[in-house]
Amino acid sequence: MKLSDIMAAAGLSFYAQVALVLFLIVFVAIAIRTFLPSRSRELDEAARLPLEDGPVLRPSLQER
Amino acid sequence: MTPATSAAPDAAVPRASAATLDRFSYDDDIVRKFLFATLIWGVVGMTVGLLIALQLANPFFNFNTQYLAFGRLRPLHTNAVIFAFAGNAFFMGCYYSTQRLLKARMFSDALSRFHFWGWQAIIVSAALTLPFGFTQAKEYAELEWPIDIAIAVVWVVFAVNFFGTIVKRRERHIYVALWFYIASIVTVAILHIFNNLSMPAGALKSYSIYAGVQDAFMQWWYGHNAVAFFLTTPFLGLMYYFMPKAAEGPVFSYKLSILHFWSLVFMYIWAGPHHLHYTALPEWASTLGMLFSVMLWAPSWGGMINGLLTLRGAWHKVAQDPILKFFVVGVTAYGMSTFEGPMLSIKSVNALAHYTDWIIAHVHTGALGWNGFMTFGMVYWLLPRLFQTQVYSKRAMELHFWIASVGIVLYVVAIYSAGVTQGLMWRAFDETGRLQYPDFIETVLKLMPMYWMRVVGGAFYITGMGIFGWNIFKTWATRPAKYEVPVIEAAPLAPKYVETHPVTPAATAWGRFNQVQWHRAWERAPMLFTVLTVVAVAVASLFEILPTFLIKSNVPTIASVKPYTPLELAGRDIYISEGCFNCHSQMIRPFRYETERFGEYSKPGESVYEHPFLWGSRRIGPDLAREGGKYPNLWHVRHFENPRAVTAKSIMPAYSHFLTEPLDFDVIQKRVDAMAMVGVPYGDAVNKAPAMARAQAKDVAAAIASEGGPKGLEDKKIVAIVAYMQRLGRDIKVTATASAPAVGRSGGSH
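Protein chains in written order, with our numbering: chain A, 1 to 64; chain B, 1001 to 1750.
Treat the hints as calculated values from the structure; they're not laboratory data.
Any given hint could turn out to be false.
Simulated coverage check for chain B against chain A, where a stretch passes if three residues somewhere in it have a Cβ under 8 Å from a Cβ of chain A [as the list claims (entries may be wrong)]:
#1 1095-1104
#2 1173-1184
#3 1244-1250
#4 1483-1489
Computed from a prediction, not measured in an experiment: that's the story for all the values here.
Cβ atoms here follow ideal geometry from the backbone N, Cα and C, with glycine treated the same way.
Work out the full structure, taking the sequences as your base and the hints as a guide.
Set out below in structure tokens:
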């Protein structure tokens, strides 16, 4: 008996629905967590990361 | 070159005390390299695009040479624009922003250089192999197996360099742009490897290990997600870095960007099967693909709104700043094409749009607008920073913006109307119940004015590229004699995490769970985060892929379907190498107008020996799934020699070289063997393929001669491709034991 026969006999098609539900649960959990008020300040700071380039010291020169 | 210096050998000091600081500099040289590569390959890819647009408007522009014919240049155009232009643009922005967001120089300068030169070498090898007809025939994955291996190696080097940088970062939080980069890097690797699994049959020839329905499924799982994880998520990451930079304010909503990220990663990977609506793909798979595609509407528009609203309070600047103008149109184009994508995935819309130019218009809204304009905005923003001088001409930037915008509008308006016209003409019946346009060529000729308008639109856009290049060159020319390399000071990451936003632990266990400190700890572990992303992508993929491969009832077999004879296989290889699948589908959908025009609709069991599948993705010419026996052999010979001698005003390139070039019988054995290796029951043919091919070639040549055609063709390519054409779609017309071309043991493994 080939592996594909065994898999075909196993009837795994309902796994797709299971995966869908799992994904939905994970997604809802992420969504709830993201909008928790306790995280606001942390996330606002994170949002500013691209704008904070850090202090620049003694520029040196590089051959182009 | 200033090496990254570290003044903090003792990194054990917690960040909060900031007693010792690292000193280091960024590698901008690699960013400059990718910037020039973006420009050069952008010009090349778009110029090839203009040439093939001209070829569709007038076949004269094939210049009667096989190396410049549409079928061979079209994959060169798509590969160049996707992987060379957009790819280098992503690497440029990624190398610039990653270093700054992580406050660290790239992990290894040597790996950065290897990534750069390796990627350019791959592009050059693509540009050399595709026009010579070396192709796997899988859309956006045409490159042959040695190049595929090189791509995997270079991609791994990029990944090591990128994740190495993450590990040695000095910024605790992984900014959302980097999440998008991570998802792109890991997902592209998975897609590339699994779609390209193939059995080599020579130095530059291979057969996909998947067949028919499964191959189509894998291909569009890859194809759709190449759009998702090569053209969408990388550029969204770039948007989340460069839009705030240009607007000088943070992203509108960081929370929205987190949701945007996770919903895209969860949903995109399922959406591919919408490319196979009404084909022989099982119904459940295409419905699932449609469902997830429609759901993608929400996160895509969430991302677009987040991008546009980042400009709140900066809208007055948009009028003055061409960079912001590019970004606004780029993000709007993202919104338009991601509105259209889910719409096109709805089956009833897809029934009209599939195989028409509508899809071509759709991808160009995305490529010209989203990828192109985001790249232009990013490059203009980077120019003064990378070359430490002013952008040479702001007026040229404005001109570039306007001329490219007009170009996009001309292009998409023309091709949208071409697509809808085509779709409506194909399905039109007259009052007596017959096809209103039975001749396919009628539906093609109607489009010629629109094809010319596309040429004009494309020419506008390329003119913009010229201005862009000139401005870059002039800016580069005014760079200082030596670049300044700023030395940055930042605290190293403490090995032990110090909570910057401590939360008083709740009294109850449930309360502590709800504070999700556990998840916060996960988030500080980017490698774990990467693994989770891989799990999400892999699990989602497997739940679609496994049933497609393993549930046998999805592909009912047909006893009369037999493998191609060795000569037909050689003909199929010629068909593949000429890129015929770029214009001809081999998939008749179950619509009355299709069965009326082309014949009985295609069944899944018909393609069980098709390595790779050849269903095509659009129809510039008629479908060929039932071509066998429709016309005499001589008709095919004349048609290849000069299509216009048989079909007046046909836009097909001439393939007169089929009549003169010798057929290489010696390679046939290797190819039959490779097909046998991937499970095609070839029986005796594995021992005597060339002899069988020669015998059949003699018969075909004799038949051509007896029909009044040229003599002495038995060792020319034309006999193989005519044999293949005459075989197409015939198997299901014969009964199980009747006269299907005997190849080996009948029945095979099923």
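For each hint, the structure was consulted:
1. 1095-1104: With 4 residues closer than 8 Å to chain A, the stretch 1095-1104 of chain B meets the three-residue bar; holds.
2. 1173-1184: It holds: at least three residues are needed, and the stretch 1173-1184 of chain B offers 4 whose Cβ sits within less than 8 Å of chain A.
3. 1244-1250: The restraint on the stretch 1244-1250 of chain B holds, since 5 of its residues have a Cβ under 8 Å from chain A and three suffice.
4. 1483-1489: holds (count 7)
Consistency note: the structure conflicts with none of the earlier hints.
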